[in-house]
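Enquirer: Here's the letter readout for the chains.
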Amino acid sequence: MKLTKVTKSFGTKTVLSGLDLTVAKGESLVLVGQSGIGKSVLLKHVIGLLKPDSGTVEIDGEDLWKVSPRDRDRLRRKFGMSFQEGALFDSMSVGENIAFPLTRHTKKTKKEIADRVAECLDMVRLPGIEEKRPSELSGGMRRRVGFARAIALQPEILLFDEPTTGLDPITTDVVVKVIEEMRARLKPSAITITHDLKVAFGIADRVGLLSGGKILVDMTPKEFEESKDPRVAAFVNGDSELAPPETEPERRKAAAPVEAHP
Amino acid sequence: MNAVLEFFGRGSLRVIEGVGRFFVLLGMTMRGVVSPPFSPVATARQVVRVGVDSVPVVLLTAFFTGGVLALQTFKGFQRFHAEGYIGSVVALSMLRELGPVLTGLMVTGRAGSAMAAELGSMRVTEQIDALVSLATDPVQYLFVPRVLASILVVPMLVVLADAVGILGGYLVAVGYLGANPVVYMNNTFQFLSMEDMTSGLIKAAAFGFLLSLVGCQCGYDTQGGAEGVGLSTTKAVVMGSLAILIADFFLTKVLF
Chain A
0 MKLTKVTKSF GTKTVLSGLD LTVAKGESLV LVGQSGIGKS VLLKHVIGLL
50 KPDSGTVEID GEDLWKVSPR DRDRLRRKFG MSFQEGALFD SMSVGENIAF
100 PLTRHTKKTK KEIADRVAEC LDMVRLPGIE EKRPSELSGG MRRRVGFARA
150 IALQPEILLF DEPTTGLDPI TTDVVVKVIE EMRARLKPSA ITITHDLKVA
200 FGIADRVGLL SGGKILVDMT PKEFEESKDP RVAAFVNGDS ELAPPETEPE
250 RRKAAAPVEA HP
Chain B
0 MNAVLEFFGR GSLRVIEGVG RFFVLLGMTM RGVVSPPFSP VATARQVVRV
50 GVDSVPVVLL TAFFTGGVLA LQTFKGFQRF HAEGYIGSVV ALSMLRELGP
100 VLTGLMVTGR AGSAMAAELG SMRVTEQIDA LVSLATDPVQ YLFVPRVLAS
150 ILVVPMLVVL ADAVGILGGY LVAVGYLGAN PVVYMNNTFQ FLSMEDMTSG
200 LIKAAAFGFL LSLVGCQCGY DTQGGAEGVG LSTTKAVVMG SLAILIADFF
250 LTKVLF
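So the sequences go chain by chain: A and B. Counting from 0, one number per residue, gives the positions in the first sequence under numbering that gives the first Met the number 0. Counting from 0, one number per residue, gives the positions in the second sequence under numbering that gives the first Met the number 0.
Honestly, the hints are just simulated from the structure, not real lab data. Only a predicted model underlies this, so the values are computations on that prediction, with no experimental measurement involved. Among the clues, some could well be false.
In silico SDA-like pairs for lysine to any residue, Cα to Cα no more than 20 Å straight-line [unchecked claim]: (1) 12(A) with 11(B); (2) 12(A) with 135(B); (3) 65(A) with 222(B); (4) 106(A) with 136(B); (5) 50(A) with 27(B); (6) 50(A) with 222(B).
If you want a taste of the chain A side facing chain B, the calculated C-beta under 10 Å gives, among others [to be verified]: (7) 88; (8) 131; (9) 145.
Think of the CB as a built atom: it goes at the ideal place given N, C-alpha and C, for glycine as much as any other residue.
With the hints as extra help, turn the sequences into a complete structure.
Expert: Take a look at the structure:
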């Protein structure tokens, strides 16, 4: 997966500014950065939820925005994306949520789909909750059901958008362990965005710091932790005096309906 | 002066953008109708939500509209001794105009707003993004069943509304105003033609299409959180109702 010179602006605010990023097969990249700096926007570019103003997004050598919409969907099926609050379809039960991609994109029988749903729920340590509604679940459970839905089609690339934000430390630990187990079993490439350095160091092969629309540093978790770079030190130590100046985030605009799906 | 020009300029741009987007989404919906996967189950579910669930409110509206029409017409026609024609006026008005328009407006208030609220909530909770990430075209998945169901069921609701409206007029005219039931019924159907019925049904299908597409568009384009969903819902009712009333004029002109 490769992003080359990706630029994205919302109105006068430039969120991504000539960003380059490569993730190798099986590699886990964790991106950290201040709130509203454009981490979610970057993740949305990777899967084609947002179209870059300029630059390219390539998946296995195919430019996501130069292929036909049908091929774009074929490329999207290589991804499993977990959203910040789970983004579960609240008109469906947990089982129907996980079965959704299987029903739409495979020719599996009902029995095979039910087995796969149960298998995915086992993998996220939530067996037997197929009949529950998303509204009956806690925040941590919703995210894990989101993981289960994301892995249903056995994707090659997993994207996690703030998988532990707002969770208590115990639930965070469970979520991190589930992510590690999924990685160990499925061996996908993964991009995770988070503020939580403990989570980042727990699941990353590489850690990148996003700032000013670019990935400023890209290093191993150990190098990141020990880095003397003032920008990294500012983030690791939570020191706003050392942090590079940023303009106000425009998260609301970033989440607005997009030209990718007019 | 500049501020005034800017105000009108921005307003015009917003209108043009909204209309352009309506046609883009219309094109995407049409493409979604003819491309697999087809979703008959989702469409049937919408038939229940838009159609069956709207029956009580549409029937109540039609009944009282038919009744008030009979009352008002009686008052006017009495002045030149034409009370016998109340039935014709009620039936013609219901079939050609009031049945389709009032049904369209009531379904816009009930189902068009619900579509905007549902899609708006899906937008702000990233469920629409989740659909795209699962390689599913959100316009095809969300718009097509709602638009098809509305085009199908609004004419059916109009048939019911017409019948109940005529019944309401009959009960008021015969039961309250003392009209002769046989003369009333004769006059009700004597001057009706098949064209009156079909023109009303064509309008109804067009209104079903408009209210559903406007409702879906308002919800799909929601920005912000709960406030955005509220605004989209209001917009769906206002724009849907306006679209119906404007389309009614032009359709009446064409189908006259």
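Enquirer: Run every hint past the structure and note whether it holds.
Expert: Results of checking the hints against the structure:
{"no.": "1", "hint": "12(A) with 11(B)", "verdict": "violated (24 Å)"}
{"no.": "2", "hint": "12(A) with 135(B)", "verdict": "violated (30 Å)"}
{"no.": "3", "hint": "65(A) with 222(B)", "verdict": "violated (28 Å)"}
{"no.": "4", "hint": "106(A) with 136(B)", "verdict": "holds (19 Å)"}
{"no.": "5", "hint": "50(A) with 27(B)", "verdict": "holds (18 Å)"}
{"no.": "6", "hint": "50(A) with 222(B)", "verdict": "holds (18 Å)"}
{"no.": "7", "hint": "88", "verdict": "holds (6 Å)"}
{"no.": "8", "hint": "131", "verdict": "violated (17 Å)"}
{"no.": "9", "hint": "145", "verdict": "holds (8 Å)"}
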